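Which chain is which? The protein sequence lines are A and B, in order.
The opening position of the first sequence corresponds to residue 2 in the working numbering, with each subsequent residue numbered one higher.
The opening position of the second sequence corresponds to residue 4 in the working numbering, with each subsequent residue numbered one higher.
Hints listed in this document are in silico derivations from the structure and should not be mistaken for laboratory results.
Where hints are given, some of them may not hold.
As the list claims (entries may be wrong) - Within a straight-line C-alpha distance of at most 30 Å, the following computed DSSO-like cross-link-like pairs (lysine-lysine) qualify:
| # | chain 1 | residue 1 | chain 2 | residue 2 |
| --- | --- | --- | --- | --- |
| 1 | A | 72 | A | 130 |
| 2 | A | 25 | B | 195 |
| 3 | A | 203 | A | 25 |
| 4 | B | 79 | A | 67 |
| 5 | B | 70 | A | 176 |
| 6 | B | 195 | A | 95 |
| 7 | A | 203 | A | 90 |
| 8 | A | 130 | B | 195 |
| 9 | A | 90 | B | 195 |
Said to hold, decoys possible - If you want the ones that stay clear, here's a sample from chain B, every Cβ over 10 Å from chain A, calculated:
| # | residue |
| --- | --- |
| 10 | 53 |
| 11 | 75 |
| 12 | 157 |
| 13 | 187 |
| 14 | 207 |
Only a predicted model underlies this, so the values are computations on that prediction, with no experimental measurement involved.
Note that the Cβ used here is the ideal one computed from N, Cα and C, for glycine as well.
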Amino acid sequence: MTQQPLLTVDGLSTYFYTDRGVAKAVCDVSYDINPGETLGVVGESGCGKSVTSLSVMRLIPEPPGKIVSGKITFDGQDLLSLNERQMRKIRGNKISMIFQEPMTSLNPVFRVGDQIAEAIILHEGLSHKAALERAVDLLKQVGIPSPESRVYDYPHQMSGGMRQRVMIAMALACKPKLIIADEPTTALDVTIQAQILELMDKLREETGTAIQLITHDLGVIAETAQKVLVMYAGRVVEQADVKDLFTNPMHPYTRGLMRSIPGLGEQEERERLETIPGVVPSLLNLPKGCRFHDRCRHAMERCALEEPELKIADGKHPVRCWLYQE
Amino acid sequence: MSCTQTANTTTDASCKSRSPLAEALLRLHKNRTALVGLIIVAVFAFLAIFGHWIAPHDPLEQSLYTKLKPPFWMPKAADGFLLGTDDFGRDLLSRIIYGARISMLVGVVSVSISLVIGTISGAIAGFYRGWVDILIMRVMDILLAIPSILLAIVIVAFLGPSLQNAMIAIGVVSIPRYARIVRGSVLEEYSKDYVQAARALGASDTRLIFLHILPNCLAPLIVQTTLGFASAILEAAALSFLGLGAQPPTPEWGAMLAGGRALILRAWWVVTFPGIMILLAVLGFNLLGDGLRDALDPRLRD
């Protein structure tokens with residue numbers, strides 16, 4: 002683990018300036034991803050997972066959004082100092098994205114082959130014919146049957162799982178070093194979910210691409226990720242290797258998430274499914290102190306007053322909680 | 004369409020890769036009135052392109068001997084002048100055939116002007132929003148606030164009366180219609196995921212607007228273009244009738260109406276036939292436009 006990380010995000014903060022106030026969607030988030038590694042980012046809806054990844058892609062709509070501080074280094078390049086033109090050369094080429102909704106993420110009026118070919122033509126300057134041939138190969142790679150005829154299909158002729166495969170093929174088109182997958186399986190049914198995750202893992206091994214996998218499903222994380230980032234209300238609350246996290250979850254939020262997954266274990270292991278009471282606080286009106294304290298079963302007096310730091314506790318992994326700090 | 008639903012499971016080659024356009028044409032085919040409109044438009048297009056072969060006479064050739072001859076079924080009709088002649092002895096049939104060419108030209112030129120400028124400004128307004136949007140759309144509002152024929156008269160008064168200037172005037176007058184339609188569609192499309200996905204693939208703004216978003220806004224635009232043809236023809240005839248468009252002896256329908264207006268009791272055919280041509284042309288484009296609206300509207304698909 003002494004190699005240079007592929008992506009380093011350091012102290013990233015992204016705010017949205019709305020009419021009703023400043024929404025601190027992402028606050029002081031730091032992490033890194035090594036080449037060929039999968040980083041899982043978990044949290045409920047509205048925790049800043051997607052905003053974090055859009056910040057890396059520099060796709061935050063400005064205004065109202067703004068990356069207020071932080072440093073994003075990708076492959077030795079400072080992404081925040083690049084202009085729009087240089088950034089476009091990175092998007093789809095070095096970093097690509099897979100979106101949550103395969104049903105709407107493909108342009109309905111173009112054949113899927115042309116959509117895959119677009120990125121190749123754009124970034125590698127291939128002829129349309131050569132790019133289309135490559136699109137056929139890519140479709141084969143992502144497991145679409147009879148790709149030679151499927152490249153001529155329109156998106157509405159494909160099922161959700163197929164379209165997500167097409168999205169993956171598009172993301173892979175220029176052999177990116179990093180793929181950011183924003184809840185790639187949420188809109189799919191369970192059997193297809195497993196197939197897509199398996200496919201992504203297989204492609205990661207084959208191509209050595211790093212993956213930043215955003216999800217709210219810890220099961221997905223357990224299967225595919227090596228490192229995990231748990232986010233809550235725009236903050237990283239726990240950061241660990243996947244093994245560490247599942248054997249020794251420390252933050253009450255992480256534990257709550259784990260208890261709210263239905264288990265398929267033995268009778269005596271099976272308990273009543275728990276929920277975390279309450280909802281994620283509004284980013285416009287964050288509570289004082291620890292952002293999780295009003296939903297936390299271990300909340301102390303101190304939690305409502307001061308916000309804890311992200312500190313390595315028990316010599317294991319960083320966690321943002323007063324339970325482990327003096 | 005049934006093949007849309009089954010395409011996932013079957014590999015029926017016939018419906019494999021039917022483009023959205025082909026599907027729309029298929030639906031158009033089922034609509035009888037639209038088909039009538041299409042036929043009328045096709046006939047006019049044919050007349051416009053091949054008019055010089057079809058017309059029996061030179062539309063400008065005058066002859067005092069054959070002055071004000073009635074159409075062929077009436078007594079005293081002259082041989083060779085099917086629809087009769089006007090007060091200069093010119094063949095009416097030839098003149099209205101050549102008139103089709105002029106009206107089609109007016110339609111193409113003025114619709115192109117308003118389509119290109121309207122689409123680009125509407126797309127920019129919808130895509131960038133903010134002050135650009137406000138600026139562009141308020142200018143459009145001002146244009147819309149003035150009655151179109153009045154505005155066209157003002158423009159022609161500035162540029163001088165000629166067919167060319169009438170086309171420019173008609174083009175300018177209908178820019179806001181296109182701009183508003185395109186802006187609305189772009190606003191709607193902008194928020195869709197495929198736009199973000201294309202951006203994440205490294206597409207530039209221009210590429211996003213013209214390659215990804217605009218093709219998705221085509222349906223209402225095609226309808227408006229077709230209907231725009233009808234109103235352009237009508238407005239050109241109106242301007243020419245007022246003496247601000249085509250100048251005599253150009254065989255323009257509106258100008259022919261103006262020229263024959265004094266003869267309406269003595270020689271009704273001089274004004275009736277150009278009038279019928281205007282009516283048919285406008286009707287044809289309107290029927291086709293309505294049919295296209297039904298064919299392209301996704302909500303009306305079965």
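Of the numbered hints stated previously, which ones are contradicted by the structure, given in increasing order?
-> The structure breaks hints 1, 3, 4, 5 and 14; every other hint is satisfied.
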